[in-house]
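J.: Chains as they are written, first to last, in our numbering: chain W, 92 to 428; chain R, 92 to 428; chain L, 92 to 428; chain G, 92 to 428.
In case anyone wonders, no lab produced these hints; they're calculated from the structure.
Errors might be hidden in some of the hints.
With a straight-line Cα cutoff of 20 Å, these simulated EDC-like cross-link-like pairs (lysine to aspartate or glutamate) come out [what the hints assert, rightly or not]: (1) L:397 - W:239; (2) W:397 - L:384; (3) G:397 - R:403.
Derived coverage of chain G by chain L (criterion: at least 3 residues anywhere in the stretch with Cβ under 8 Å from a Cβ of chain L; other residues may be distant) [to be verified]: (4) 155-162; (5) 349-360.
Virtual Cβ for every residue (Gly too), placed ideally from N, Cα, C.
4 protein chains.
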Amino acid sequence: MSVPEAPAPLDGSPATSDAEIAEARAATATTRRPTVAAMEDILFQRLPVLDHGFVRVVDYMGDDAAVVQAARVSYGRGTRQVSQDAGLIRYLMRHWHTTPFEMCELKLHVKLPIFVARQWIRHRTANVNEYSARYSILDREFYLPAPDQVAAQSSANRQGRGDGFGSEAAARVIDLLREDAERCYADYLWLLNEDGGGSEDGAGEDGAGEDGAAAPDADRPGLARELARMNLTLNTYTQWYWKTDLHNLMHFLRLRADPHAQYEIRVYAEVIADILTRWVPITAEAFRDYRLEAAQISRSGLGVIKRLLAGEAVDQKSSGLNPREWRELMAVLGRPA
Amino acid sequence: MSVPEAPAPLDGSPATSDAEIAEARAATATTRRPTVAAMEDILFQRLPVLDHGFVRVVDYMGDDAAVVQAARVSYGRGTRQVSQDAGLIRYLMRHWHTTPFEMCELKLHVKLPIFVARQWIRHRTANVNEYSARYSILDREFYLPAPDQVAAQSSANRQGRGDGFGSEAAARVIDLLREDAERCYADYLWLLNEDGGGSEDGAGEDGAGEDGAAAPDADRPGLARELARMNLTLNTYTQWYWKTDLHNLMHFLRLRADPHAQYEIRVYAEVIADILTRWVPITAEAFRDYRLEAAQISRSGLGVIKRLLAGEAVDQKSSGLNPREWRELMAVLGRPA
Amino acid sequence: MSVPEAPAPLDGSPATSDAEIAEARAATATTRRPTVAAMEDILFQRLPVLDHGFVRVVDYMGDDAAVVQAARVSYGRGTRQVSQDAGLIRYLMRHWHTTPFEMCELKLHVKLPIFVARQWIRHRTANVNEYSARYSILDREFYLPAPDQVAAQSSANRQGRGDGFGSEAAARVIDLLREDAERCYADYLWLLNEDGGGSEDGAGEDGAGEDGAAAPDADRPGLARELARMNLTLNTYTQWYWKTDLHNLMHFLRLRADPHAQYEIRVYAEVIADILTRWVPITAEAFRDYRLEAAQISRSGLGVIKRLLAGEAVDQKSSGLNPREWRELMAVLGRPA
Amino acid sequence: MSVPEAPAPLDGSPATSDAEIAEARAATATTRRPTVAAMEDILFQRLPVLDHGFVRVVDYMGDDAAVVQAARVSYGRGTRQVSQDAGLIRYLMRHWHTTPFEMCELKLHVKLPIFVARQWIRHRTANVNEYSARYSILDREFYLPAPDQVAAQSSANRQGRGDGFGSEAAARVIDLLREDAERCYADYLWLLNEDGGGSEDGAGEDGAGEDGAAAPDADRPGLARELARMNLTLNTYTQWYWKTDLHNLMHFLRLRADPHAQYEIRVYAEVIADILTRWVPITAEAFRDYRLEAAQISRSGLGVIKRLLAGEAVDQKSSGLNPREWRELMAVLGRPA
């Protein structure tokens, strides 16, 4: 099998300009397909996330009624009043009848830091086209946390963050992240022998960085892009088209809009949760009730609740739960642990 | 986990009436999304297949330009003339860059015999909602082959059909298939204690069938639907919503529009191949050139072609291919085996 | 693309004989891979299900320790006492960290009625090789429910069964199912022009059935197998190899070992649940605690529990739940609705 | 839903020590399952790739005979001589009957640079547990290309590399990559307030880097790991367990063992291709003949071959192929373009 060169001169960044977005939004057509006015309102527009990221709705397929329509193929015909549609959607959600939700699709254009993209891509039931750094040059954009997001390793949660830093300590962290990202990017341009635009970047003490960012050198070959990219830091922004169905989208949100998800992916999930509400409001509400704000109670946890309801005094020791499970159950029930 | 009863009275067949289709087609809206006029023309309409089956386009997402758009996110920005779009799509197809084709979706409503559905469902990367015979009663419709499709087991191909039967023998086969299907269906209704509508069905010599189809008996409980259905024959029609992306749709067509696919699924694939041409004409043409009408030549086969091109006389014995591979290669090259 | 005939004479049923099983069980080898003695004990043996079905463990990969091993790659190295392994597995299960469970695989050989196979195949994240009725002739075996499983359509649950029939009515149902299945099978053999073995089958009043099952007729061509099979009823047995990972296996069990699953698939799930306990006992116990016997409580349901715990008297009207949700919640809490 | 802290003290690198490997290899058991001696020989051992990477076989399921066994379930029973098994495997491969190959599984432990992991993870039909930098601290190891791999951007192939650099220029590139990776890593440790082990790293002119790598500072909180990791460069090594079935493994190899794949992932694919030959030698040979060294010839390409075989002189202009397709076809046929 042979996969040689791709065709034609395709260069530069895919970042969509304001003018292109305006032009795309101005073009309309008539369709017989289900259409959601609240989605048309935001179609193609950049919804900002973090310091340089965004989410753009590129296309969607289906709506709340399409979920109902697919479910009714399975269950047979019925009356179709709105109240019953909502009841049916809530029933499907409650009982994990997930296939009707797979009948709707959402396609997004997302700009995000590489370390966030690495978490995101673990959701396998989705379609992705990512900007290729083998093929093109990445833009000079990297994520730097806002000062109030600079926080210590959590002592309670082994994979999260705990107390914030003071403003001075936070500033020092951010400066260090910026310096390293800028130097690495300037050296990336030097390796590629590309023009950095005479910008402020890469003015490090390092010789290569210094003359690198200045201007390309006609006598020097540029390093292969697929190699040069390895010099970039993980907060460099990438972008992709990402498409998934409504069921898998909610699964993504359940994991990534959770308070224990990393802040930098959670803010994307929150923007997408707002899109969900625009797109399929009935489904979105059922999702909040039966997933996001619901609780899974174990067999032992149910036993504890029954004993409490029977008026028994139960503490961790007598509960049969281990201390962590006890704390989790008390948190769900809004009681002191 | 508890999955109790589904809500509300949902009964009867989901078969969409002409009036419902006309009503759905009359409703239009304005959208900013990509729209394909040739698809809007056929949207919701039944495209007939076999004796009682159909394919209906229920929704679609994307078009040829959406494939290009997704590929350009990967490869970077470029000029966008139509000629280049076609070149890029052909390049993607030729080199198995499949992800941009995953950015388009097609949703179909299909009515098909159960034995065809059993082949079809093996394509796992798709979303399905099938009419549930646990929940509803299947219609009295079963597939009977047309006389010219009644054929003997192939002697050359262990999984296909060979010579046709004469018209008399074919008629006898069809009669037998009809009688068994009708009797089983009449007994299905009798088991359910449902009214067969006073129809001609089930007038067998079998006592149960006889009184079964006549009229429901108020004093007799109906057998659970989930049990009664086991009495139906595999040519009974079912229906489903089926949604897949453009890449997986073409994979389906490559296997099922192939001359060696069973006739009864191939006719569905052919109708869908026509839909493909309406929907994404550039992709459809590239698919024909590089997949449907292309050939995979093995290392040994390439060796034979090189020797033939060098003017050498090669026969099966000297080719190093086994007899079957030799025949296949000669067929591809249009030469006598 | 061309898919011509498959090679070699491959005929007859794949049903594995007792002698073949004994021979396979007698052959052993030494391995460095994880091995589970309780699985080796039952390897290759038929575990009977329903009247003619079975489940056979054909192969397995991994054990409880392999789940822990994969999780520790993610979380880093730690101490490895058994007690901590169990704690880690329970933590993974409780918090839906599902990927370590995907690192184990189970391969089964299953014989099952076609209508059960049609439910089972909806679990898409699995690998399947099914006996092909295009290629081979199905055995004369069909599922007939035991008398105590013959039940009326449930009035409470629109997709389930309710009260049993009396023994006389049940016998009449079973007789009808048997007669239709036998006649259809005899006619299937007649269509194929195959010998029915001089058996009792197909002794219907129907001419074709009558002379069909008797003996093949040298002057008559056999109908293509891919066509003849459509005459079989949905309770005919088929068989397949089915392989899935531990995570998806538990998802299958959660849906199919549930009391609301159809009895005929639930009995397979129950046999597989026993295999699970043999194979990965720690995981199996965590699965029971946190999935099978756990409950998902909605936001509103949690509100009701909190009010009850605060000593408030709550009934359905004041609960904010609809009657069905109220009943479900009371059932979970073991209280009268 | 609440996903709080993971249990227990799990710290440090998961890199498996030589002693642990020797201990694991020393433990054996008896099994009835299919066993492959050539795989047992290398089980658990590190097969080195690049400067710090490796591939280790952690487990496997099935062998060539398991592919045959699964295919025979579909096709029915037949004779089982080795020659016929090879013939059946070659038939399955030639005609894209892929499901029997899905019945075997391979589980690997892989250490690889992050930019390689980002390509690799695009193969979605696989199971992955990756070392989590939210949870643990990454080792101070980054990929630096060997001098002969330092090459210019290809002018012919827009996503590959072309001519090599001279040794002096290559050394300058490598030095720059090393300096940036080391400084970023030292600053990562400083951000975490972790001890760098008094090593040479991070001796940059940058103040933070300088005092950072020296020793942890008891008065300063460590930055959350999930944040600090963003400062690492993309050539930092990560590791994961990766499991896939034989069909998808071959698909991975077809794309990644291809000469046009990036060198840094191709060397992993080549090691895995050697493992394939050990594990399933018959399948591996068929894979080479019908996939790796086969060619897909388009409808137009077949037309050109037929004309050439008929003795016609064909050049690009008269071929109907565009220049790129013409070059590709001539390359496949071993003729000058």
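J.: Indicate, hint by hint, whether the structure satisfies it.
T.: These are the hints, each one checked on the structure:
Distance restraint check for residue 397 (chain L) and residue 239 (chain W): the Cα-Cα separation of roughly 35 Å exceeds the 20 Å cut-off, and the hinted pair is therefore not satisfied. Restraint check for residue 397 (chain W) and residue 384 (chain L): satisfied, since their Cα atoms lie roughly 14 Å apart, inside the 20 Å limit. A threshold of 20 Å between alpha carbons decides the hint, and for residue 397 (chain G) with residue 403 (chain R) the separation of about 15 Å falls inside it, so the pair holds. Here the stretch 155-162 of chain G counts 4 residues with a CB under 8 Å from a CB of chain L, which clears the bar of 3, and the coverage holds.
Note: the stretch 349-360 of chain G has 0 residues with beta-carbon separation from chain L under 8 Å; the three-residue rule is not met and the coverage is violated.
Hint compliance for this structure: hints 1 and 5 are not met, and every other hint is.
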